[in-house]
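Chemist: Given chain X, put chain H in place with the hints provided.
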Amino acid sequence: MRLFEFEGSRVFHREGIPIPDYALVSSPREARHKAEEIGLPVVIKAQVLTGGRGLVGGVQVAETLDQAEEVAQRILGSVVRGLPVYQVMVAKKVPVEREFYLGVTVDGYHGVPVVILSTAGGVSIEETARDKPELVVSRQVPITAGLNLTEAEKMAQEAGLGGEELIRVAATLHTLYRVFRKYDLLVAEINPLVRTRQGNYLALDAKVEIDDSSLYRHPELQLSQENRISNPLERKGKQIGITYVDLDGDIGIVASGAGLGMATMDIISRRFRPANFLETGGAITADLLYQVMELVLQKKGLKAVFINLYGGINPIHEGAKGIVHYLQEHRTNIPIVARAFGNRQEETWQILQEGGVRVVTEVSTEKGVEQLARLLKGER
Amino acid sequence: MSILLDRETRVVVQGITGRVGRAQTKWMLEYGTNIVAGVTPGKGGEEVEGIPVYDTVAEAVAERRAEASVFFVPPAAVKDAARETIESGIGLMVIVTEHVPIHDVMELKAYATDKGARLLGPTSPGIITPGQSKIGIMPGNMFRAGRIGVISRSGTLCYEICADLAEAGLGQSTAVGMGADPVVFTNMPELIELFDQDPETDLVVIVGEVGGTQEENASRFIAQRMTKPVVAYIAGHHVPEGKRMGHAGAIIQGGMGTAQSKSAALKQVGVEVAEYPLEVVELVRRRLIPH
Numbered sequence: 001m002r003l004f005e006f007e008g009s010r011v012f013h014r015e016g017i018p019i020p021d022y023a024l025v026s027s028p029r030e031a032r033h034k035a036e037e038i039g040l041p042v043v044i045k046a047q048v049l050t051g052g053r054g055l056v057g058g059v060q061v062a063e064t065l066d067q068a069e070e071v072a073q074r075i076l077g078s079v080v081r082g083l084p085v086y087q088v089m090v091a092k093k094v095p096v097e098r099e100f101y102l103g104v105t106v107d108g109y110h111g112v113p114v115v116i117l118s119t120a121g122g123v124s125i126e127e128t129a130r131d132k133p134e135l136v137v138s139r140q141v142p143i144t145a146g147l148n149l150t151e152a153e154k155m156a157q158e159a160g161l162g163g164e165e166l167i168r169v170a171a172t173l174h175t176l177y178r179v180f181r182k183y184d185l186l187v188a189e190i191n192p193l194v195r196t197r198q199g200n201y202l203a204l205d206a207k208v209e210i211d212d213s214s215l216y217r218h219p220e221l222q223l224s225q226e227n228r229i230s231n232p233l234e235r236k237g238k239q240i241g242i243t244y245v246d247l248d249g250d251i252g253i254v255a256s257g258a259g260l261g262m263a264t265m266d267i268i269s270r271r272f273r274p275a276n277f278l279e280t281g282g283a284i285t286a287d288l289l290y291q292v293m294e295l296v297l298q299k300k301g302l303k304a305v306f307i308n309l310y311g312g313i314n315p316i317h318e319g320a321k322g323i324v325h326y327l328q329e330h331r332t333n334i335p336i337v338a339r340a341f342g343n344r345q346e347e348t349w350q351i352l353q354e355g356g357v358r359v360v361t362e363v364s365t366e367k368g369v370e371q372l373a374r375l376l377k378g379e380r
Numbered sequence: 001m002s003i004l005l006d007r008e009t010r011v012v013v014q015g016i017t018g019r020v021g022r023a024q025t026k027w028m029l030e031y032g033t034n035i036v037a038g039v040t041p042g043k044g045g046e047e048v049e050g051i052p053v054y055d056t057v058a059e060a061v062a063e064r065r066a067e068a069s070v071f072f073v074p075p076a077a078v079k080d081a082a083r084e085t086i087e088s089g090i091g092l093m094v095i096v097t098e099h100v101p102i103h104d105v106m107e108l109k110a111y112a113t114d115k116g117a118r119l120l121g122p123t124s125p126g127i128i129t130p131g132q133s134k135i136g137i138m139p140g141n142m143f144r145a146g147r148i149g150v151i152s153r154s155g156t157l158c159y160e161i162c163a164d165l166a167e168a169g170l171g172q173s174t175a176v177g178m179g180a181d182p183v184v185f186t187n188m189p190e191l192i193e194l195f196d197q198d199p200e201t202d203l204v205v206i207v208g209e210v211g212g213t214q215e216e217n218a219s220r221f222i223a224q225r226m227t228k229p230v231v232a233y234i235a236g237h238h239v240p241e242g243k244r245m246g247h248a249g250a251i252i253q254g255g256m257g258t259a260q261s262k263s264a265a266l267k268q269v270g271v272e273v274a275e276y277p278l279e280v281v282e283l284v285r286r287r288l289i290p291h
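Chains as they are written, first to last, in the numbering used here: chain X, 1 to 380; chain H, 1 to 291.
Chain X on its own, in the form it takes in the complex:
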């Protein structure tokens, strides 16, 4: 789960990485008030879960209190890269002498943390790595040993830093690694870390992503689910514990696994356009599939729904009961085609057929999609 900048900054602050004075506000009046408290000039930053806010007007400077109010007015309620802005951060603007990039992430293939340091701060690290790889220093960290301070200092030296700068940047990198480990993060990025004219080192942004599977052991972060997902269907999917991705076609998809769901999209996209991606995960129950049907049929303008299931952890007939139960309670004219395989599949087919679902018993999703096409052409 990606954290909002203010949440990430709060973590940094708590763990001893200095950040400029800031406040989180949701109205222009509050923005003015806080700008006065913090002291001008200030930077007003849209709190949205996307990068590149600055390029599209999501980050703006205010030199006066009137400006602070105006800018906040403009940004609040606007849409930044497709995401509505409910809150802005009002942060003290600091005079910057030099910018750095510091990051820790997971090397998925090798299964180890990677720390990255660059003297090209403020721009995307992918760009720097592509255009000026000599400015990027990175290391895989053996997870049992961790990143020690000496190693961080060596990296800073390699990046061309010396003296006080070397010591301070290395110390921040060392802390960032500790934060990454402590909070089960997938990404911990400070871009930029700046040296101010007064010689302070401050994190001007916080890009933090926590592992969803570890959220249970971090109640101290007090992360709320609110405002994280703007699409209502995708939000509903998250609530019932499945993945729903809204797309712009008209064939609804239900699949019992991510790989199968993506393959189903590939096959359907050869003739039609998917309305969504939906995958239930392996643990199908009647109750879950009832909710899944409710969700997938909420999308407007559907021509058909294609259900593609394999039983894994649970027997597959349970899911079929949920589908049919929903259809009995909510009549729909939208044709529904289903494939279902695994333990107790014959029983499953019977349940679905009796519930008015077109069942495909042939192996291969392609064959199922052919039947869907025939059905849509009005053939039986």
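There could be a bad hint or two in this list.
[What the hints assert, rightly or not] Quick list of simulated restraints, FRET-style, between CB atoms:
hint: 1; chain 1: X; residue 1: GLY301; chain 2: H; residue 2: PRO199; range: 53 to 59 Å
hint: 2; chain 1: H; residue 1: VAL269; chain 2: X; residue 2: LEU135; range: 30 to 36 Å
hint: 3; chain 1: H; residue 1: PRO199; chain 2: X; residue 2: ASP250; range: 47 to 53 Å
hint: 4; chain 1: H; residue 1: GLY89; chain 2: X; residue 2: LYS154; range: 35 to 41 Å
hint: 5; chain 1: H; residue 1: ARG22; chain 2: X; residue 2: LEU221; range: 35 to 41 Å
hint: 6; chain 1: X; residue 1: SER27; chain 2: H; residue 2: VAL269; range: 23 to 29 Å
hint: 7; chain 1: X; residue 1: LEU135; chain 2: H; residue 2: ALA145; range: 53 to 59 Å
[Said to hold, decoys possible] With a straight-line Cα cutoff of 27 Å, these simulated DSS-like cross-link-like pairs (lysine-lysine) come out:
hint: 8; chain 1: H; residue 1: LYS243; chain 2: X; residue 2: LYS303
hint: 9; chain 1: X; residue 1: LYS300; chain 2: X; residue 2: LYS238
hint: 10; chain 1: H; residue 1: LYS243; chain 2: X; residue 2: LYS300
hint: 11; chain 1: H; residue 1: LYS79; chain 2: X; residue 2: LYS182
hint: 12; chain 1: X; residue 1: LYS182; chain 2: H; residue 2: LYS228
hint: 13; chain 1: X; residue 1: LYS300; chain 2: X; residue 2: LYS207
hint: 14; chain 1: H; residue 1: LYS243; chain 2: X; residue 2: LYS238
hint: 15; chain 1: X; residue 1: LYS299; chain 2: X; residue 2: LYS207
hint: 16; chain 1: H; residue 1: LYS26; chain 2: H; residue 2: LYS79
hint: 17; chain 1: H; residue 1: LYS228; chain 2: H; residue 2: LYS267
hint: 18; chain 1: H; residue 1: LYS79; chain 2: X; residue 2: LYS299
[To be verified] Part of the chain H face toward chain X, derived, beta carbon under 8 Å:
hint: 19; residue: VAL48
hint: 20; residue: ILE51
hint: 21; residue: THR56
hint: 22; residue: TYR276
hint: 23; residue: PRO277
Hints were generated in silico from the structure; no laboratory data involved. Glycine included, C-beta positions come from ideal geometry on N, C-alpha and C.
Modeler: Frame of chain X; chain H shown alone:
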């Protein structure tokens, strides 16, 4: 013997007394898996489907000579349970559990590598050597015995493609679900190498998906070392960038890890790459030297 697993392999089921553990134990036994013990701390002395349950893996190893393990253990308990299992001398473990914390996986991967244990998963559907044995949750009726090795990142798609192959008379030597998480214990090249060395495998099918760099690393290995033909399908040609498609591993970021780029990397090293699952069957037929 195919790879990793055959009818002789002595299996212990961890978390055997849970609802899922019980059901899966029954299905594995029906398939022919040689389950010799179960483990659930505090439930030692009980029986599940006639299989003796022990409190610790060490007992299961000492008394029943268990040599492979399958995990139906809750995510928060996986790290400690797996360490205990590795310490007990079990050499092969399938972690079926979903949602294991990624930092736990990284720690465990380092530990397993150090001790020389082979783990599959997390979020692995398991391993099946059709007609002999399966450890995991794969529905056995989707597979048939033969000479094709299958390596899949996805569980459900592995079933689909193996069923397509089986329908065409093309059985599998072994099918392995690597697990779908961003970090998995055993990477794709290691499994390709096992199939390459297996005299009962003629061809390897790779079932990949968007996200990560497994397929890119696999293509490097194939270029350097692989002696057998390889066919692949990468799911997710129509996946939008920046959206997680279910499990955390399946995401395209910064234009990296797309189905197109992975397919291209594999094609470049001589792999036949299908654009949709059923095409795998045609490509396998084309590449297979008849026996």
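Chemist: State for each hint whether it applies.
Modeler: Tested hints:
no.: 1; hint: X:GLY301 with H:PRO199: 53 to 59 Å; verdict: holds, 55 Å
no.: 2; hint: H:VAL269 with X:LEU135: 30 to 36 Å; verdict: holds, 32 Å
no.: 3; hint: H:PRO199 with X:ASP250: 47 to 53 Å; verdict: holds, 50 Å
no.: 4; hint: H:GLY89 with X:LYS154: 35 to 41 Å; verdict: holds, 39 Å
no.: 5; hint: H:ARG22 with X:LEU221: 35 to 41 Å; verdict: holds, 36 Å
no.: 6; hint: X:SER27 with H:VAL269: 23 to 29 Å; verdict: violated, 58 Å
no.: 7; hint: X:LEU135 with H:ALA145: 53 to 59 Å; verdict: holds, 55 Å
no.: 8; hint: H:LYS243 with X:LYS303; verdict: holds, 24 Å
no.: 9; hint: X:LYS300 with X:LYS238; verdict: holds, 19 Å
no.: 10; hint: H:LYS243 with X:LYS300; verdict: holds, 21 Å
no.: 11; hint: H:LYS79 with X:LYS182; verdict: holds, 16 Å
no.: 12; hint: X:LYS182 with H:LYS228; verdict: violated, 45 Å
no.: 13; hint: X:LYS300 with X:LYS207; verdict: violated, 35 Å
no.: 14; hint: H:LYS243 with X:LYS238; verdict: holds, 13 Å
no.: 15; hint: X:LYS299 with X:LYS207; verdict: violated, 33 Å
no.: 16; hint: H:LYS26 with H:LYS79; verdict: holds, 26 Å
no.: 17; hint: H:LYS228 with H:LYS267; verdict: holds, 15 Å
no.: 18; hint: H:LYS79 with X:LYS299; verdict: violated, 41 Å
no.: 19; hint: VAL48; verdict: violated, 17 Å
no.: 20; hint: ILE51; verdict: violated, 19 Å
no.: 21; hint: THR56; verdict: violated, 24 Å
no.: 22; hint: TYR276; verdict: holds, 5 Å
no.: 23; hint: PRO277; verdict: holds, 5 Å
Checked against the numbered hints listed earlier, the structure breaks hints 6, 12, 13, 15, 18, 19, 20 and 21; every other hint is satisfied.
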